[in-house]
Structures are given as structure tokens and as C-alpha cells.
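Which chain is which? The protein sequence lines are A and B, in order.
For the first sequence, position 383 matches number 383 in this note's numbering, and the numbering has no gaps at all.
For the second sequence, position 32 matches number 32 in this note's numbering, and the numbering has no gaps at all.
Since the hints were derived computationally from the structure, they do not count as laboratory data.
For every residue, glycine included, the Cβ atom is placed at its ideal position computed from N, Cα and C.
It is possible that part of the hints are untrue.
[As the list claims (entries may be wrong)] Here are the computed distance ranges between Cβ atoms for each label pair: (1) A:Lys326 with B:Gly23: 25 to 31 Å; (2) B:His146 with A:Leu327: 28 to 34 Å; (3) A:Arg369 with B:Ser232: 39 to 45 Å; (4) A:Ser478 with B:Arg26: 20 to 26 Å; (5) B:Asn14 with A:Ser478: 58 to 64 Å; (6) B:Arg26 with A:Ile4: 42 to 48 Å; (7) A:Arg469 with B:Arg195: 58 to 64 Å; (8) B:Glu201 with A:Met1: 32 to 38 Å.
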Amino acid sequence: MFYIRYLGAELRRRPGRTALTALGLAVGVSLVVIVGALAAGLDDAQDEVLEPLTGVGTDLSVTRPISVPDGDTTASGDPFGQLSPREQRQLDRENEGHDAAFNYSELGEPGERFSEESLLTTSLSVPSREVTEIRELAGVSDASGSLTMRALLVEGEVPAGEVVDPHGPGAGIEFSQRTVSGVDVEKPDLAPVKPDQVTAGDYFADRRSNARGEAVVDLALARQDGIEVGDDVSVSGTDFEVVGFATAPLGGDASEFYIELGRLQALADREGRVNRIQVRATSSDEVAGLAKRIESRIGGAEVVTAADLADRVGGSLADAENLSSKLGTALAIVALLAAFLIATLLTLSSVQKRTRELGTLKALGWRQRLVVRQVAGESLVQGALGGLVGAAIGLAGAAVIDAIGPTLEASVEQARAGVGPFGQGNVASGSTDVVLGATVDPALLALAVVLAIVGGLLAGAAGGWRAARLRPAEALRSTE
Amino acid sequence: MSEVSEITPSYELNAASRSYGDGSVRVVALDALDITIRRGELVAVFGPSGSGKTTLLQLLGALDRPSGGSVQFEGQPLERLGDSALAELRLRGIGFIFQQFNLIPTLNAVENVEAALAPLEMSRLERREAAAMHLEAVGLAARTSHLPNQLSGGEQQRVAVARALARSPRVVLADEPTGNLDSANGEMVMELLARLHRELEITLVLVTHDEWIAERADRILRLADGRLVNDSTESLAEEVVK
């Protein structure tokens, strides 16, 4: 058709104008592609950090914590003094039979060595049948219970006379504590420690009866204390054979010792009770609703989802992710609008220069809509060129970012670790580096190209209409 | 002089005027012209710069609308037609030749002629053949693929003539067709126009400030300050003598 040949001739024989208009749109498109790729790369990096944290299949974690304030803010020196009477009664009932306060005179003769270990917690337990009932809720794929305790070890010589301050110098009494978690070895995917966290040795035997004498130890503690696979470790006076070492994911919950659940329940006098329930939902859409249902079901329950765990992670990765989510979309929109504005201004300027030419076409009998169609068609092709060039630049930019592979840091501060002197457990703190990639989304790429084409079309239609609405006599008087 | 048809005239202007602006800045380009142009006439619109010649041509070509009065083309009042109807009229009935050629710079010679045929229902081959034929008629058969910037002034104006005649119009309006040409090329273009006027029996109205061009016309309309001061079939020399 003549119009297509005319269009081609215009674009071919005015290469500077064609290139400039297409380049304006290309810049906008490439920015959209690169910003989108960076945002996707940040999401991927965050997923990489969080995946071991959230674990395979754990969507919610249910506990009944009592928050004990850090430090002594009471006149008596008792960190629990700030709890309400009800909370103190709950705590006393929870830790009945295990106490951090000793009557040292009952431990032996003065000067005699003693060693006492108490298993304590500030997380209230629930009957194990709650696990079964939660498992039967709609939207739940599976659930498993665990028990985490603080093992407080008090060692020293029985003092002569009354002990005013067992922690003071000269008292001759040493305190140490470790966290111990009881694991349902028959549901490893929902356990506080999972098989893929074992970095040396083995995971527990897959049957409870076979796992009763086994322990998995935190790798950092093992290195610190020189513990090796095959050694025995003691929990509340009972020995367990170390079968493997485990590393908690950054920001994940970490205990120092893991033993079979039934053994810990017995040692802590909590038979048939758990203080954490790990839940897997049937789909991610169910998580929010399940969290609410479980909270209403178990009084005082705190339900932590994978999204909540993600909030523990900070560092430059989190900062970049925040920036991307707040500014990324805005930046992409601004880039596209700027590109469209540039294309429109260039098109209007170009059409202005062709006013007499377009007036001549009208004098030759071209109707207004034909003139507009001609100019809009030229701009549409420029938009397509700009879109394709922009896509190529965007892809190249993403490839460069991939090749450079900048690293970001994901960290969990020590301050976030633990929830008090006898808290539920530790949070694995520290930092890890993650490589930032740039993942181009084909749908976003296609959308950006389409928007460039539409932008070109609209710019051309606007310019063409503006020129075509002039009377031919006016247009022919143009000196350009 | 050529023979003139007695049927409906090509143009009839009744008190046609055109002004621009209003109030104290109002400019009257044409002031109440009464003119009849018969079919087949070769009319020269003669006058100094600013006399309203081009404005008159634009009204005749339906490129502009009169501010007052009436302009009829073959009995049809142009001021009553909409933009689409005027475009159709220009497409089917009127050809234009401009002083500055007004060729489309990105199209070659044959494509420039095709531009005049593009809105018509023609196949690509028909359009190309018609354009080539008209270029041959003006002596440019060997220059069909040349861009305007590869043609001389005279050649460009001949392309414009071919374009103006491509649709076999009943009227051709030429605004200073030799104004941008040297005397040799100007003579050549005028010879061409005169020949085509005779052969095709079209109404040809050409605007000029050159006396030698006006002398070639059957009729001279002399304008001054937007008014028709003389409408004569006599030569300019005979006018002066009188």
C-alpha cells in the first residue's frame, strides 16, 4: 500500500528524527525492564535467605509465650517481678517441680560439690491433643508438636550458711544454661530441626523408639565445647549419644541440643504436653485465616507466620528490598511517563516541521483522518522500534548486573535473639551475603514494549490531529 | 485563444471576500469580488505582491473559506460544504501547482505523483502506471526514482505538474508556477502548462506577477489591494494603451 511505502520512506529518509524518537522511548522501556529485573532479583535474593528460615512446609508456628522483661527493673532484683499475678501463677504452674531458686543447704554438706539442672520455660505448654485437633482444621495439611526448654545448670560447692547472692563473686556457684528442644522424629519436615540442617553426622532415627537415646547438637556449640559425633551429652542428668550436628538458618529458631520429644517431656515432667506447634497449610491462601482460627482456639496463643519470620532479617538486603518495594514501581511509572512525554514532544516538533507537507496532502484531497493515520502510523513504528531497542538494552543491563553479581548482606541482630532469661529459645543471629541477580520477567518486558508502541501511537495521533485540523491554506502558509 | 464551454462556469464568485483578524488589526485580503470563470479558460490573476492573488487562488481551490459572499465551483457553493466534502472536491476536481513545488521530500518523483492518487480506489499497479504515464507526459520518464533533492527546479515543478494532472482534474490552479525558476525553466514550464491546457481542455487559473506569463492567458484578472481593478481579455500592453 502507498501509505506503508510513504511511512517507510519517512522513517528511512529521516533517520535522525526516527532514531531520536525511538531512543526516547527506548530509555523508558529499558528503565522499566531493569528496575523490574532488579526488583525480581531482590525478591529472589530474599527468598534464598528466607527459604531455609521458613523451611520446607512450615507455614505457621504456634506458641503461648509469656514475655519476661530483660534485666532487673524491680527493687527485689527479680526479673519476673513485673509479671502480673495471673502470669506469675501461670509460670509457677508451668514450671512446677523445677525451680531456679535452690535451698543450697539441702544439696549436701557445706563444701560438698553439687550439680543441679532445672528445665524451665516462659512459654506455656498445651496438651498434645491440641496438635491432633489443629491437624484436623480445614486448611491444615499437617501439624506437629515440639517442646523447648531452658536447661539451667547450677554447679559449685554447698555454701556454709545462708547465700545472700548466689550470683555474686565469692559465692562459689556457677550458672550456665542451654536450650533443649524435643523433636517429633516421625515428622521431620515440621520439626524444630530438620534433616537438611544436619551438616555432619546423621539426623535422628526415623522411629521414636530408636531415637530415644540420640541427640543432635548445634554445630557452633559442638565446636566451642569440642563435642564430636559419638560423644555423650547430658540433659537433666540423662546421657544422650550425639548422632549429628545441625546449623539453624539465619533468623531461625535455634536450640543447642535436640532430643526425642518423649524423652524431653519425661525429663521436664511435661508428659503429653508441647509448647510449640508447627503447622503446614494446604495453600498459602489459607495461612492468614488459619492464624486467626488458631489464635481464637488457643487462649494466649502467638502465631508466627513465614512473613513474620522474614521481618527478623535486616541488613542491606532488607534495606534494598524496602526501597525497591516503595520506589521501584514509582520509578518505573515515572520512567515510562517521561519516555512518553519525550516521544510526544519529539513527534509534535517533527509534525510541526511537516505542516506545509501535510497541508499539501490535504490540498491533494487527503482527508483529515488519512493525514492523522499517516502520522500515527509513523509514530507507532517508532514506538515499536523504541520498544524493541529498549527491551534489548534492558536485557543487556540485566545481564551486566548478573555478570557483576553485587552482594547484599542479610543479617539478624543479636538484640533480636531470645526473649528473656528463660525465653522460648534463641534466634540464630549473624549475617550472610547473598548475590543479587536481575531476573527479567517476560510479561513485564512484553508490557513495556506494548506500552512503548501505544505511547508512540498516541503521540503520533495527537501530533497528526494537531496538524491535520489546520485549514490547508493555513498549513501551506507555514514556512517550515 | 482556446474555445470556451458555454455550460456551467467553473467558478462564480459573488461579493466574495476574505479578511483576517478583527477590530483594529483586521486585514482585508479580498474585498467583494465578483468573478465568473468559464470552463476551459486560461486565466491569469495578475497583480503586485499583497494584492490578494494567492488568497483568491486558495478560495478557488477550497483551501480556505470566504469570510463573506459566495464561491461556487461548477454551481456548488463551497462555503456550504463540510471539510470532508471539500477534500473530496479537491480530490476529484482540482489540481494544484505551488510556487515552491511542495513535493514530499522523502518520496521520489513517481511516488510524489502517486500521493495524489493514493486516496482513490486503485490497485498498486494501476496507480504506479498512471503516475509513470503522467511523468512521461512531462518529459521525466527517466527520472521517476529520483528524490526531489536530486532534481533541478524545473524538473521538480514538472513533477508537480504531473501530480496536479494525475487525477484528470477539471481545474488546475497554479500559484506562481515559475516563481522559483530561472527564465529558461520558467519558459519550459509555461509551455508545458499551455500545451496541456490546450490538449486536455482544462480550466487553468494561474497566479503571477510576471507580465510575460500573464500575456499568455486568454483573460487577465488584475488585482490591487484585494480588489478586482480590471477583468480583460486584452493584453496588458493594450490595457496600458487604453
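Outcome of the hint check:
In this structure the supplied range 25 to 31 Å is violated for Lys326 (chain A) paired with Gly23 (chain B), their Cβ-Cβ distance being about 57 Å. For His146 (chain B) and Leu327 (chain A), the Cβ-Cβ distance of about 55 Å falls outside the hinted range of 28 to 34 Å, so the restraint is violated. One distance hint, 39 to 45 Å for the beta-carbon pair Arg369 (chain A) and Ser232 (chain B), holds here, with the actual separation near 44 Å. Between Ser478 (chain A) and Arg26 (chain B) the C-beta distance comes to about 22 Å, which sits within the given range of 20 to 26 Å.
The supplied range of 58 to 64 Å is broken by Asn14 (chain B) and Ser478 (chain A), whose beta-carbon atoms lie about 31 Å from each other. For the hinted restraint 42 to 48 Å between Arg26 (chain B) and Ile4 (chain A), the CB-CB distance of approximately 46 Å keeps it satisfied. Roughly 39 Å separates the CB atoms of Arg469 (chain A) and Arg195 (chain B), a value that falls outside the hinted 58 to 64 Å. In this structure the supplied range 32 to 38 Å holds for Glu201 (chain B) paired with Met1 (chain A), their Cβ-Cβ distance being about 33 Å.
Violated hints for the displayed structure, listed by number in ascending order: 1, 2, 5, 7.
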